[in-house]
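Chain L is already provided as a structure; the job is to place chain E on it using the hints.
2 protein chains.
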Amino acid sequence: MEIKFTWPQGFQSGATHAGFKADQQLDFGWLVSDVPAVAAGVYTKNQFQAAPTQYTRSLIQKGQTLQALVINSGNANSFTGQPGLDNAAQSGHLVAEKLNISSDLVGVASTGVIGKQMPMDKFKDGLAKLTLTSQSQLPEAILTTDTHSKKTCHALTIDGKTVTITGFAKGSGMIHPNMGTTLGFIATDAKIEGSLLQDLLRELIQSSFNQITVDGCMSTNDMVVVLANGQAQNQTLTAKHPEFVSFKKALQTVLINLAKMVAADGEGANKLIEAQVQNAANPVEANQVAKAIVGSNLIKAMLFGEDGNWGRIVQAIGQTQAQLNPNQLDIQIGGIPLVKNSLTVPVDQAALHQILATDKIIITVNLHCGEAQGMAWGCDLTYQYVEINAAYEG
Amino acid sequence: MEIKFTWPQGFQSGATHAGFKADQQLDFGWLVSDVPAVAAGVYTKNQFQAAPTQYTRSLIQKGQTLQALVINSGNANSFTGQPGLDNAAQSGHLVAEKLNISSDLVGVASTGVIGKQMPMDKFKDGLAKLTLTSQSQLPEAILTTDTHSKKTCHALTIDGKTVTITGFAKGSGMIHPNMGTTLGFIATDAKIEGSLLQDLLRELIQSSFNQITVDGCMSTNDMVVVLANGQAQNQTLTAKHPEFVSFKKALQTVLINLAKMVAADGEGANKLIEAQVQNAANPVEANQVAKAIVGSNLIKAMLFGEDGNWGRIVQAIGQTQAQLNPNQLDIQIGGIPLVKNSLTVPVDQAALHQILATDKIIITVNLHCGEAQGMAWGCDLTYQYVEINAAYEG
Numbered sequence: 001m002e003i004k005f006t007w008p009q010g011f012q013s014g015a016t017h018a019g020f021k022a023d024q025q026l027d028f029g030w031l032v033s034d035v036p037a038v039a040a041g042v043y044t045k046n047q048f049q050a051a052p053t054q055y056t057r058s059l060i061q062k063g064q065t066l067q068a069l070v071i072n073s074g075n076a077n078s079f080t081g082q083p084g085l086d087n088a089a090q091s092g093h094l095v096a097e098k099l100n101i102s103s104d105l106v107g108v109a110s111t112g113v114i115g116k117q118m119p120m121d122k123f124k125d126g127l128a129k130l131t132l133t134s135q136s137q138l139p140e141a142i143l144t145t146d147t148h149s150k151k152t153c154h155a156l157t158i159d160g161k162t163v164t165i166t167g168f169a170k171g172s173g174m175i176h177p178n179m180g181t182t183l184g185f186i187a188t189d190a191k192i193e194g195s196l197l198q199d200l201l202r203e204l205i206q207s208s209f210n211q212i213t214v215d216g217c218m219s220t221n222d223m224v225v226v227l228a229n230g231q232a233q234n235q236t237l238t239a240k241h242p243e244f245v246s247f248k249k250a251l252q253t254v255l256i257n258l259a260k261m262v263a264a265d266g267e268g269a270n271k272l273i274e275a276q277v278q279n280a281a282n283p284v285e286a287n288q289v290a291k292a293i294v295g296s297n298l299i300k301a302m303l304f305g306e307d308g309n310w311g312r313i314v315q316a317i318g319q320t321q322a323q324l325n326p327n328q329l330d331i332q333i334g335g336i337p338l339v340k341n342s343l344t345v346p347v348d349q350a351a352l353h354q355i356l357a358t359d360k361i362i363i364t365v366n367l368h369c370g371e372a373q374g375m376a377w378g379c380d381l382t383y384q385y386v387e388i389n390a391a392y393e394g
Numbered sequence: 001m002e003i004k005f006t007w008p009q010g011f012q013s014g015a016t017h018a019g020f021k022a023d024q025q026l027d028f029g030w031l032v033s034d035v036p037a038v039a040a041g042v043y044t045k046n047q048f049q050a051a052p053t054q055y056t057r058s059l060i061q062k063g064q065t066l067q068a069l070v071i072n073s074g075n076a077n078s079f080t081g082q083p084g085l086d087n088a089a090q091s092g093h094l095v096a097e098k099l100n101i102s103s104d105l106v107g108v109a110s111t112g113v114i115g116k117q118m119p120m121d122k123f124k125d126g127l128a129k130l131t132l133t134s135q136s137q138l139p140e141a142i143l144t145t146d147t148h149s150k151k152t153c154h155a156l157t158i159d160g161k162t163v164t165i166t167g168f169a170k171g172s173g174m175i176h177p178n179m180g181t182t183l184g185f186i187a188t189d190a191k192i193e194g195s196l197l198q199d200l201l202r203e204l205i206q207s208s209f210n211q212i213t214v215d216g217c218m219s220t221n222d223m224v225v226v227l228a229n230g231q232a233q234n235q236t237l238t239a240k241h242p243e244f245v246s247f248k249k250a251l252q253t254v255l256i257n258l259a260k261m262v263a264a265d266g267e268g269a270n271k272l273i274e275a276q277v278q279n280a281a282n283p284v285e286a287n288q289v290a291k292a293i294v295g296s297n298l299i300k301a302m303l304f305g306e307d308g309n310w311g312r313i314v315q316a317i318g319q320t321q322a323q324l325n326p327n328q329l330d331i332q333i334g335g336i337p338l339v340k341n342s343l344t345v346p347v348d349q350a351a352l353h354q355i356l357a358t359d360k361i362i363i364t365v366n367l368h369c370g371e372a373q374g375m376a377w378g379c380d381l382t383y384q385y386v387e388i389n390a391a392y393e394g
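Those protein sequences? They're chains L and E, same order as listed. Position one of the first sequence corresponds to residue 1 (the working numbering), numbered consecutively onward. Position one of the second sequence corresponds to residue 1 (the working numbering), numbered consecutively onward.
This is chain L alone, in the form it adopts within the complex (with noise of 0.2 Å):
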């Protein structure tokens, strides 16, 4: 059940500026247990991974457990050497020495512009600065062109517990996650075990964060991380526990939650784009065709001008490896058929445009090859995309 955002019981979080972004913005925060969490994470699969990427996976890959994560925007650490890794680490150990913890327990995430070391100093100024609450700042402090914070709060009940589980994430340019993502951060008091956790975001990432896109472009930072500290004192959760799949659906609907808001502030956009990919061959092909579509400029392009010339919707799914069968393919939009058995069907063109003005557009394919759904979501190509990345200094 989604409910107003609160933090899980036995976490708290602090935001302030550190001077890291220009104009007093928060810029730097914690997100901190009582106690030792277990641990999860998922990286980007871009070959620079940037230094507190590198930092924070070797972390959990160790211990999988964290007690805090230090976050700051504007500036990724990211493709800045052997200084960058130390920066990254030090980060980490100034945390832990202010919060008296081992320095393995601290998590670090970057976001912002590529190149430039970190100003240790600000990171200094801005953790002497920090306090612990029971505030929500923390999303707002990790935005680089987001125009608003991504969080989303559900609960459940577990042998009888209030369980909750809070995620925040960022956007909004840079957008095209593999494995990893962009920055999503997600607190939990379930008690789990560690293994499980991870099994359980890996398989999750995948229909949610790795099926967004807003340019194409995977980022050198993206990370998502679960911190499970227990204190909601249900049974451990195994794959064996009767309410196990409730807590992975959850889970999941917190994920999806996440990346559709992500995606929907994509850099510029005006609107949400989902695609729901019907009787694939697989689930694997199922995510790719949906994904092509969301992804495809050309068709981001045309739904900024509300039009729906769904040969384009054509063009991305032909130009996948999925499984097709090219007689039989049917495309709606909006839940209205513009193509039935690879035939065009006839539109009410006043019922159509009025859906394409919309600002979430769902985009419906059925391929006839099999079982498998998949969705993804996108947003549109807007001329504000491109006057941002004209000119982003960070």
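Keep in mind that the hints were calculated from the coordinates and are not lab data. Backbone N, C-alpha and C fix where the C-beta goes; we use that ideal spot for every residue, glycine too. Among the hints, a few may not be true.
[Unchecked claim] Below, simulated EDC-like cross-link-like pairs (lysine to aspartate or glutamate); rule was C-alpha separation at most 20 Å, straight line:
#: 1; chain 1: L; residue 1: K116; chain 2: E; residue 2: D307
#: 2; chain 1: E; residue 1: K116; chain 2: L; residue 2: D330
#: 3; chain 1: E; residue 1: K116; chain 2: L; residue 2: D307
#: 4; chain 1: L; residue 1: K122; chain 2: L; residue 2: D86
#: 5; chain 1: L; residue 1: K116; chain 2: E; residue 2: D330
[What the hints assert, rightly or not] Chain L residues, not near chain E, derived (Cβ > 10 Å throughout):
#: 6; residue: Q135
#: 7; residue: Q252
#: 8; residue: G305
#: 9; residue: D348
#: 10; residue: Q373
#: 11; residue: E387
[As the list claims (entries may be wrong)] To spell it out: a stretch of chain E is covered by chain L in this simulated footprint if at least three of its residues, at any positions, have a beta carbon under 8 Å from a beta carbon of chain L; those stretches are:
#: 12; region: 231-244
#: 13; region: 289-303
#: 14; region: 337-350
Structure of chain E alone, referenced to chain L:
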């Protein structure tokens, strides 16, 4: 040697307005050889290959010989089912009848809107008006959103005879060829073995048309066809002919010239972007990295804004699977070093901005992993690209 535009010996052409496009624009034409010509072709890998593309491919595969090509713009005859295939075949038959040659010798090509049946009455009206001349209007007749025609002409001497190679092509959206490509046609009077010409085209397309991208969208209609009618009377070119290498180089130049013209006139483009990759582990990876750079929306928008944010070049390179050396990457824009051994280089910003203001931007990347080179071409991402594609109905 590049020469003024002319058709090779024994080729004539014609162009007219048949009515596929509005406003009396040229939209229909043909290229005809006096005698049957050796023919080679490469075609789109989009799974929804258009009817004329399927039809011409099958003709060339069967006989490696064509005498005429009929080409229209304004209607792609793509995703049109069996009626579309029938119309492509009928188009070839009608042309063969008028020329009094076998219909197996007439290739068909179309470009324009996807999903509409060919108006065969317009085809017939157009065909009635077509004549054979030495004029150069045909390259105009195949354009869609192109701002100007793309043609190039090269001459060389083989066995003491002058051989001419004349190429023309169209862009300018849905450009991301793979194996085949956007429409490109090359006529030559060279005498050459059919299978050798096919092998040559397949090889040279990889480093020319397959290395351009405008928007990442692979068309359903892409094809490049070469006709060689032997009227230059040279000894038949085989792989062992002493001047085969000169012919190969000339054909490569023609293909690359056309490819660059298509990229530079990409929809809405202000600038040609050329990526030069040096010292890659192998040629495939060199081409892959070059194409990733020219294909990045973020880099394309940045160059429209005349901005030199090289972090985006790092991001694009890292997104590939190519072998990289994280501590030894060099990046230059227009010959100005921005990154050396993976470290920022102090830059004369005035000089950089002067280069970024020109209409041809060369990005040079040294991977320090081997000895292979690769190039790719694209264009900037502009407001006009969005504008054109927000309302393209063809």
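A quick look at each hint next to the structure:
1. The straight-line distance between the Cα atoms of K116 of chain L and D307 of chain E is roughly 16 Å, inside the 20 Å bound, and the hint therefore holds.
2. For the suggested pair K116 of chain E and D330 of chain L, the alpha carbons sit about 16 Å apart, so the restraint of at most 20 Å is met.
3. Distance hint between K116 of chain E and D307 of chain L is fulfilled; the C-alpha atoms sit about 16 Å from each other, no more than 20 Å.
4. Taken as a hint, the K122 of chain L and D86 of chain L pair is honoured in the structure, with Cα atoms around 16 Å apart against an allowance of 20 Å.
5. Between K116 of chain L and D330 of chain E the alpha-carbon distance is near 16 Å, which keeps this suggested pair within the 20 Å criterion.
6. Listed as outside the interface, Q135 of chain L is consistent with that label: its C-beta sits roughly 32 Å from the nearest C-beta of chain E, beyond the 10 Å cut-off.
7. With a least CB separation of 27 Å from chain E, Q252 of chain L remains clear of the 10 Å interface cut-off, as annotated.
8. With a least beta-carbon separation of about 3 Å from chain E, G305 of chain L fails to lie farther than 10 Å from that chain, contradicting its non-interface assignment.
9. The beta carbon of D348 of chain L sits about 18 Å from the closest Cβ of chain E, which is more than 10 Å, so the claim that it is off the interface holds.
10. At roughly 20 Å, the least C-beta separation between Q373 of chain L and chain E is larger than 10 Å, which holds for a residue marked as non-interface.
11. Its closest Cβ contact with chain E, about 8 Å, brings E387 of chain L to no more than 10 Å, contrary to its assignment away from the interface.
12. By the rule of at least three residues with a Cβ nearer than 8 Å to a Cβ of chain L, the coverage given for the region 231-244 of chain E is violated, with 0 such residues.
13. For the region 289-303 of chain E, the stated coverage by chain L is satisfied: 6 residues place a CB nearer than 8 Å to a CB of that chain, which reaches the threshold of 3.
14. Coverage of the region 337-350 of chain E by chain L holds. Counting CB-CB distances below 8 Å, 4 residues qualify, and the rule asks for three or more.
In summary, the numbered hints that this structure violates are 8, 11 and 12.
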